[in-house]
Structures are given as C-alpha cells and as structure tokens.
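Undergrad: Numbering (full-length UniProt numbering), first residue to last: 1 to 839.
Any given hint could be a false lead.
Claimed, not checked - List of simulated lysine-lysine pairs, DSS-like, C-alpha gap at most 25 Å:
hint, residue 1, residue 2
1, Lys640, Lys99
2, Lys670, Lys696
3, Lys534, Lys509
4, Lys253, Lys330
5, Lys264, Lys330
6, Lys69, Lys99
7, Lys253, Lys170
8, Lys99, Lys170
9, Lys778, Lys763
10, Lys213, Lys163
11, Lys717, Lys749
12, Lys640, Lys696
Think of the hints as simulated: they come from the structure by calculation, not from any bench.
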Amino acid sequence: METSSKTLLIFISLHFYYFSFHLINAVIAADVDHPYAPLENIALDCGSSFDSQTLSFDGRNWTGDVGSKFTAFNSHSNSTLSTASFFDEAIGIPEVPYKTARLFYSKFTYTFNVTPGPKFVRLHFYPSSYSGLNASRAFLSVIDGDNRTLLSNFSATLAANYKNVDTFFKEFIIEVQNHSLCLTFSPSSNESDAFAFVNGIEVVSMPMNLYIKGEDVPLRFVGYPAMVITLDNKSALETVYRINVAGADISPKHDSGMFRTWIKDDPYIFGSAKGERAFDLNLSIRYTSAVPEYTAPQSVYRTARYMGNSPQINLNFNLSWYFSVETGFKYLVRLHFCEVARYITRVNQRVFRIYINNQTAEDQADIFGWSGGQGVPLYNDYIIMVPELSEMNIQDLWLELHPNSASVLHSQYYDALLNGVEIFKLNNYGGNLAGPNSPQELLVNQFPKSSRSSSKKRSLIIISIGCSLSAVMLALLTFAFWIRAARGRTKQEKTCHSQSSVCRYFTMKEIKAATNNFDEAQVIGIGGFGVVYKGYIDGGAITVAIKRGNQATVEQGLSEFQAEINTLSLLRHHNVVSLMGFCNDEQEMILVYEYMPNGNLFDHLHFVNKTQKSPLSWNQRLQICTGAAQGLCYLHTGLKHPIVHRDVKTSNILLDENWIAKISDFGMSKIGPTNGSTKVKGSIGYLDPEYCRFHKLTEKSDIYSFGVVLLEVLSAKFVVNPAVSEDNYNEEDEDPETFVEWGLNCYEKGDLDQLIDKNLEGKIAPESLTKFMEIAQKCLANRGLDRPSINEVIWSLELALKLQMYDNNEDRNMGLRLMGNSDMNPGVEFSEIMIPVGR
1 METSSKTLLI FISLHFYYFS FHLINAVIAA DVDHPYAPLE NIALDCGSSF DSQTLSFDGR
61 NWTGDVGSKF TAFNSHSNST LSTASFFDEA IGIPEVPYKT ARLFYSKFTY TFNVTPGPKF
121 VRLHFYPSSY SGLNASRAFL SVIDGDNRTL LSNFSATLAA NYKNVDTFFK EFIIEVQNHS
181 LCLTFSPSSN ESDAFAFVNG IEVVSMPMNL YIKGEDVPLR FVGYPAMVIT LDNKSALETV
241 YRINVAGADI SPKHDSGMFR TWIKDDPYIF GSAKGERAFD LNLSIRYTSA VPEYTAPQSV
301 YRTARYMGNS PQINLNFNLS WYFSVETGFK YLVRLHFCEV ARYITRVNQR VFRIYINNQT
361 AEDQADIFGW SGGQGVPLYN DYIIMVPELS EMNIQDLWLE LHPNSASVLH SQYYDALLNG
421 VEIFKLNNYG GNLAGPNSPQ ELLVNQFPKS SRSSSKKRSL IIISIGCSLS AVMLALLTFA
481 FWIRAARGRT KQEKTCHSQS SVCRYFTMKE IKAATNNFDE AQVIGIGGFG VVYKGYIDGG
541 AITVAIKRGN QATVEQGLSE FQAEINTLSL LRHHNVVSLM GFCNDEQEMI LVYEYMPNGN
601 LFDHLHFVNK TQKSPLSWNQ RLQICTGAAQ GLCYLHTGLK HPIVHRDVKT SNILLDENWI
661 AKISDFGMSK IGPTNGSTKV KGSIGYLDPE YCRFHKLTEK SDIYSFGVVL LEVLSAKFVV
721 NPAVSEDNYN EEDEDPETFV EWGLNCYEKG DLDQLIDKNL EGKIAPESLT KFMEIAQKCL
781 ANRGLDRPSI NEVIWSLELA LKLQMYDNNE DRNMGLRLMG NSDMNPGVEF SEIMIPVGR
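Modelling step: build the complete structure from the supplied sequences, incorporating the hints.
TA: Here it is in structure tokens:
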C-alpha cells in the first residue's frame with residue numbers, strides 16, 4: 001500500500017506540473033495591460049506597400065516602406081522590393097514582416113524622426129530566395145547615425161542555420177542624441193552581384209535609464225573589484241538573451257509595452273540538476289520607484305526556479321545555466337529576483353552565492369534582505385568580460401547559484417532562487433557591436449581549398465612579372481616557387497587555423513608535442529576510428545583526447561573527413577563530447593576532443609578500470625543514463641538534420657570530472673533523412689534486430705541500443721563474451737540477442753538476484769526498478785514503432801531517479817510541498833549530480 005501511494009504521489013506531481021504550466025500560459029495570455037506607452041512605436045514592413053497596414057503577430061499595425069517618409073533620402077540608392085519565393089504561413093512564419101523584403105545593392109539609409117533618448121532597434125530577417133537571388137550570398141553591414149557599427153559582414157542565412165530557425169530578429173539598444181535616427185544598410189562586398197536584405201525594422205522608445213544608466217551610475221565589474229563600468233549615451237547594446245526563468249515564453253504583445261520577447265530557460269539549464277519551479281499566480285507584485293512596473297512583466301516575477309527542499313543535496317551542486325556568446329566583448333548581465341515563497345518571511349533565511357563565468361558576483365545574495373518583502377521585485381546588473389581565447393570566437397557564459405552554508409547567521413534554507421535573466425553585448429571602444437558570423441560559415445571555409453584559390457591568384461601575378469624579366473630573374477622566381485611550395489602547406493594550415501571559430505586546426509608539430517610523439521604510454525583507448533591518446537595542448541594547460549585515424553579511416557578520403565568535422569564541430573550540448581579540433585597533415589587524419597577524466601561507462605561497470613575505488617551507486621547509474629539519453633535527444637530532435645548515432649553502447653558513453661555523461665564516437669553516425677536502405681553498422685549485441693533484417697535505419701535503432709545499455713547498467717554483465725570479436729563471431733555460437741533475452745526473462749520470472757548487479761543488492765527501491773525495467777522493455781521491443789521516443793525515455797529515467805530518492809528519504813517532504821504551496825514542478829527533473837560549487 002505504501003509503495004502504490006508513493007508512486008501515485010509522484011504521478012500526481014507530474015500531472016500537476018503540466019496543468020500548472022498551461023495555467024501559467026493562460027495567465028500570461030490574459031495579462032495584456034501595458035504599463036508603458038512608447039513615444040515611438042514604428043514597425044516597418046520592408047518591401048511592402050506604404051498604403052497597406054497589416055496586423056502582425058505582435059498585435060501591431062506594420063506600415064510598408066514603399067513611398068514611406070523614412071526612405072525619403074535615397075534617390076541615388078540602388079534597391080528593389082521582393083517577395084520570398086517560398087513562404088508558407090502553415091509552418092508558423094508570420095506574413096508580416098517576413099513575406100516581403102527590401103534588397104540593397106548599394107548603401108541605403110532609413111531616417112526616422114524621433115525624440116531624443118534610448119530606443120530599441122529590431123531588424124527582422126527571413127533567409128529565403130528573393131528575385132532569384134540566394135539569400136546565402138547576402139552579407140549585410142549596418143551603421144547608425146553616430147557611426148556605431150551594429151552589423152558587419154552579417155549573413156542572415158548562417159545565423160538562421162546556427163539558431164536552427166526560419167526567421168529571427170536582432171535587437172539593439174542605442175541612445176539618440178537629437179531628433180533623427182539614421183540606419184544605413186549596405187552589402188558587405190563591392191562585387192557587382194553583391195546584395196543585402198532586410199524584412200522588417202522596428203524603432204520603439206523606452207523609459208530613460210532602463211538599461212543605459214548614465215555616467216553617474218557605476219556597474220559592478222565581476223572579477224575586477226577595484227574597477228567600475230558606466231554606460232553613457234554613446235553606449236550601444238545588443239540583446240543576446242532575455243529569459244523568463246521557470247516560466248513560459250512571453251510574446252511581444254504580452255510584454256510591459258516595449259514589445260520585448262522573453263523565452264523560457266529550459267534550453268539553457270546545465271545537466272539534469274534543473275532544480276524545481278515555483279510560482280504563485282495570486283502573488284501581488286509590488287513594484288517600486290527603483291523597479292517600475294515596466295521593468296519586466298508580472299509573469300516574470302511570479303515564477304522562479306529554485307534548487308529544492310533537500311539541503312543535503314543542494315549543498316552538492318550548483319543551479320547552472322550556460323549561454324553561448326561571442327568572445328572579445330563585455331556583457332551586461334541583468335538578474336531579476338522576486339521572493340515568491342510565502343515561508344520566507346525575514347532576512348537570512350535563504351542566502352546564496354552567484355557565480356558568473358566562474359567568478360563570484362555575489363557572496364551573500366539575500367532576496368528578502370535586498371527587497372524588504374515578498375512580491376517586491378528587484379534586479380542587479382553585472383558587467384562581465386569574455387576575452388578572446390586563441391581563435392575561438394564562441395564561448396559559453398556560465399551563470400551558477402549555490403547556497404551559502406558559511407553565512408554569518410547560518411541560513412535557514414540552503415537554497416537559491418532566480419526569476420529572470422537578460423544578457424546584452426556592449427559595444428567596444430570603437431563603437432562596434434558586430435562580431436564574426438556564426439560558426440557554420442567559418443567551417444565551410446576552414447579547409448585548405450580557399451588558401452589554394454588565393455595562392456593561385458598570387459602565382460598568376462608572379463608568373464606575369466616573371467615573363468617580363470631576364471633569365472636570371474626567372475631562375476630566382478623558380479627558386480621562390482620551390483620555397484613557396486615547401487611552405488604552402490604551412491600557409492594553408494595557418495589559414496585553416498585562423499578561420500576556425502569552433503573547430504581548431506592543429507599542426508602535426510602540435511599533435512606530436514601533445515602526445516610526446518605518439519608515446520604508447522599515453523594511449524588511453526582503441527576504437528573504430530583508431531588509437532586514442534591522452535594529450536596536453538597550449539603549454540600543458542589543457543588536457544585533450546587525441547584520436548589518430550587508422551588506415552581504414554585514411555582510406556575513407558578527405559571529403560568524408562571534412563564532412564565529419566563540419567558536422568561534429570556544430571554539435572554543442574553538455575551531454576555530447578565536444579570536438580575541439582583536427583589535423584590532416586602528413587596524410588594523417590586526427591581528431592582532438594575534450595578529455596573525459598572518468599573514462600567510459602563500460603569500464604566502471606565491468607571493473608576494467610583498475611583505479612576505481614568503488615562501484616557506481618544506483619543513483620549515479622540513473623543520472624548517467626539520463627544524461628546519455630539527453631545527449632541522444634539532442635542528436636534526434638535538437639538539430640536541423642537529425643543524427644542517428646548507430647553505435648550506442650556503454651564504451652561510447654564517457655564521463656567527465658563531475659560524472660556527467662557524454663555521448664561520443666560518431667564514426668558510424670548517419671545524418672539527415674534515413675528513408676533508404678543503408679549498410680548495417682554497429683556493435684555486436686547492441687544492434688537493432690529490425691535494422692539488421694530490413695536495413696532501414698531510424699532513430700528507433702538508437703533507442704533499441706540504449707535499451708541494451710539500460711540492461712547492462714542494471715546487471716553489470718557483459719553484453720557479449722569479451723572473447724568474441726567481429727572476426728570470430730558466429731551467429732550459431734552466440735545469438736546477439738542472447739543477453740537481451742536473458743535479461744528480460746530474468747525480470748519476467750522474478751529472478752532479480754540473477755539480473756541485478758551484486759553491488760546493488762538491497763539498494764534499489766522496488767518502484768524505481770519497476771519504472772526502469774518498464775522503459776527498458778519498451779526500448780527493446782522487436783518493432784521500432786513499438787519503441788518509445790527518446791523524450792519518453794528521459795521522462796521515465798527521471799521518474800525512476802525521483803522514486804529512488806523518495807525511498808532513500810531524500811525527498812519525503814515532496815508531498816507536503818505539493819499540497820502546501822506553489823511548487824510548479826515537484827522535482828521530476830531534480831538530480832544530485834556533484835558539480836563544483838565555485839572556482
């Protein structure tokens with residue numbers, strides 16, 4: 001009876017979560033009272049008729065720019081109007097402002113008559129084909145009337161591909177000094193066929209001092225306590241993120257009057273330790289003169305993410321978010337807070353630390369102490385510098401919260417809480433906000449092909465000069481060409497190295513130095529790609545894993561190697577191993593990955609790793625399985641072209657220093673549509689039998705392999721006899737499904753002592769085991785159609801973990817929280833992963 005009641009309680013909590021989330025959406029939709037009315041509210045539908053005013057997705061009337069007063073001073077400019085060749089509102093693209101565009105072939109200036117003060121400038125883009133021109137060839141530069149560069153050599157196509165979206169906008173904040181705001185658009189190239197485009201322009205005023213505070217308001221410079229930063233009227237900002245933490249998306253028409261877009265924080269939370277959602281829809285938000293009503297919508301302050309009510313667990317991890325940003329700029333990070341918990345009634349009850357990029361921003365954050373009461377919103381601004389690191393121009397900006405257990409008066413609750421985040425890029429000293437293009441563009445050009453092209457041009461020039469010189473000069477030129485040929489490879493390598501932003505090019509000299517000339521003592525593994533070495537780069541500062549391709553890898557050819565690098569370099573997920581760089585020098589093909597100090601899951605299950613001190617606990621195994629499933633979810637659903645891994649097994653699940661699981665080894669992966677017949681690839685024992693029979697590869701093949709992993713994790717038994725290899729494998733001697741059949745039969749017959757790892761005997765809650773085996777059985781269904789989606793797998797594993805934690809008395813008070821207050825998500829996504837608490 002107790003078992004069923006606990007399970008019922010967990011399921012009630014899940015349904016409560018989904019009901020609550022939809023309830024919050026409904027409340028946001030109903031809350032359309034705008035506390036701020038902008039002085040300027042210009043919405044320009046570029047490329048459409050001035051006479052047509054159309055209601056758009058944001059509830060405003062957009063005005064066409066044809067014949068508009070805003071384009072009056074462009075009589076000598078060369079521009080045309082065009083309609084997107086492909087447009088389908090059925091897939092969710094709003095007709096206004098994305099159906100039409102203005103194309104620029106030379107400089108084109110929009111001039112807006114406005115009042116002095118700060119303005120939002122939003123530029124909307126839909127990369128499509130316009131007038132037969134491919135948008136991927138359009139590169140745009142934009143400057144304002146004060147010569148501040150907003151965009152430079154910007155490709156909307158690359159940006160959309162990187163974001164995996166069809167449409168998007170860029171938002172800027174600039175201060176207008178007089179009554180005129182000028183925006184000059186121009187193609188970034190002087191070539192005859194160069195062009196640029198924009199679909200829509202917004203100019204919306206905002207209250208004074210909302211973001212740009214002025215020279216008399218110093219901002220804390222994190223990591224530089226002796227320095228302060230101020231934002232004056234020459235400053236320009238670009239909005240990078242605007243996050244409604246633990247809440248739903250907030251559309252422009254539901255903002256506080258400035259038509260800002262707020263997005264939920266789920267994609268940016270690190271790991272499975274996601275904390276819990278808290279909300280109070282009846283909470284009265286008491287704005288102040290320091291935080292007026294227009295600062296952020298009430299729905300931002302009524303929802304929050306907190307760590308949970310288990311202090312022992314909270315002290316062992318950080319509540320963390322990560323945001324990809326461009327290097328070489330300062331950023332303004334605004335954190336929104338509002339105490340929503342009714343049990344917090346005085347100061348020092350909840351005190352926590354705030355870390356931004358591993359540096360302490362606040363040592364004793366106390367929301368109640370700062371605000372003076374419940375429902376009183378506040379925000380803190382911090383400046384953080386994200387320096388350029390080598391040639392990497394994209395880096396993660398980390399935000400982490402951790403309970404302060406060393407507080408002078410000792411906090412009553414070891415917890416932390418956050419309501420919202422806004423992140424803005426600041427212009428540099430030259431007034432420039434423009435960074436490099438999205439990484440995909442640089443990956444296209446990082447191989448030596450482009451260098452050879454430019455080298456050809458230089459060679460033609462030299463040859464033409466040589467023809468007019470004497471025989472002696474021709475001999476000297478011949479010698480010069482010999483020197484150039486000898487150095488050509490190095491130049492190509494340098495070009496590759498300088499162009500790469502996500503994937504670094506390593507020379508063979510660097511690789512040999514990193515591996516001590518491929519010293520066998522540094523070998524840490526052997527896989528399908530080749531031998532894996534532990535290496536040290538950048539003067540020993542960074543430890544990496546270096547995979548040296550074997551002969552079969554080299555024979556696959558340079559084009560396949562390049563395609564693999566282009567794909568792997570764009571994989572950015574905390575449960576997928578990151579490719580740091582490559583080398584294709586001296587007919588070698590080498591990949592450089594981030595190093596995983598705790599090896600692979602296979603070793604920890606089967607004790608191959610002699611240095612292991614203790615077996616993995618059931619909680620650890622569940623967390624590792626959940627992390628691996630989240631990595632697969634990213635591959636299956638988080639990319640424009642889904643990836644089927646095709647070799648999911650415990651030896652390809654690596655563990656970092658914090659025991660976070662990461663999917664690795666993409667040598668057999670299949671990218672894009674998998675409709676046709678494909679050659680069967682994979683590992684014995686893990687292969688999907690349906691895939692083996694019909695050669696039809698889908699994401700469900702990975703699901704089957706993951707089901708085998710789940711059985712292996714529970715039993716710590718070998719999937720196949722270690723003595724069996726592909727060379728001596730015989731189906732008559734060893735059926736690859738034998739392990740699966742054995743495991744499922746043991747469970748169905750109740751032979752748990754045979755199925756469960758001896759190290760886990762008596763340590764697994766029956767409810768947790770039931771849920772775990774339930775999803776494992778579904779994964780191992782004979783038909784792919786009967787197998788669950790990867791999202792269902794994640795949901796079940798998180799529930800299995802929650803049931804285990806409940807049985808361990810780690811979360812007994814969950815039911816009380818459900819009945820007593822505003823917990824929107826009672827711990828289903830909670831974890832006790834050990835994450836460093838501040839560096």
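Undergrad: Do the alpha carbons of Lys670 and Lys696 lie within 25 Å of each other, as the hint requires?
TA: holds, 12 Å
Undergrad: Holds or violated: Lys534 with Lys509, Cα cutoff 25 Å?
TA: holds, 16 Å
Undergrad: Between the alpha carbons of Lys778 and Lys763, is the straight-line distance 25 Å or under?
TA: holds, 24 Å
Undergrad: Mind checking the alpha carbons of Lys717 and Lys749 for me, to see if they're no more than 25 Å apart?
TA: Roughly 18 Å between the alpha carbons, so the hint for Lys717 and Lys749 holds.
Undergrad: Can the restraint linking Lys99 and Lys170 be considered satisfied, given a maximum Cα separation of 25 Å?
TA: Answer holds: Lys99 to Lys170 is near 18 Å, not above 25 Å.
Undergrad: Run the distance test for Lys640 versus Lys99: straight-line Cα separation, threshold 25 Å.
TA: With Cα atoms ~22 Å apart, Lys640 and Lys99 stay inside 25 Å; holds.
Undergrad: Holds or violated: Lys253 and Lys170, Cα atoms, limit 25 Å.
TA: holds, 18 Å
Undergrad: For the pair we were handed, Lys69 and Lys99, check the Cα-Cα distance against 25 Å.
TA: holds, 22 Å
Undergrad: Given the hint that Lys640 pairs with Lys696, does the C-alpha gap stay at or below 25 Å?
TA: Judged against 25 Å, a Cα distance of about 21 Å means the pair holds.
Undergrad: If you draw a straight line from the CA of Lys253 to the CA of Lys330, is it 25 Å or shorter?
TA: Not satisfied, since the Cα-Cα distance of roughly 30 Å exceeds 25 Å.
Undergrad: Under the criterion that the straight-line Cα-Cα distance not exceed 25 Å, is the pair Lys264, Lys330 satisfied?
TA: Given that 25 Å is the threshold and the Cα spacing comes to 24 Å, the pair holds.
Undergrad: Does Lys163 lie within 25 Å of Lys213 when you go C-alpha to C-alpha?
TA: Judged against 25 Å, a Cα distance of about 31 Å means the pair is violated.
In this structure, the hints that do not hold are numbers 4 and 10, in rising order.
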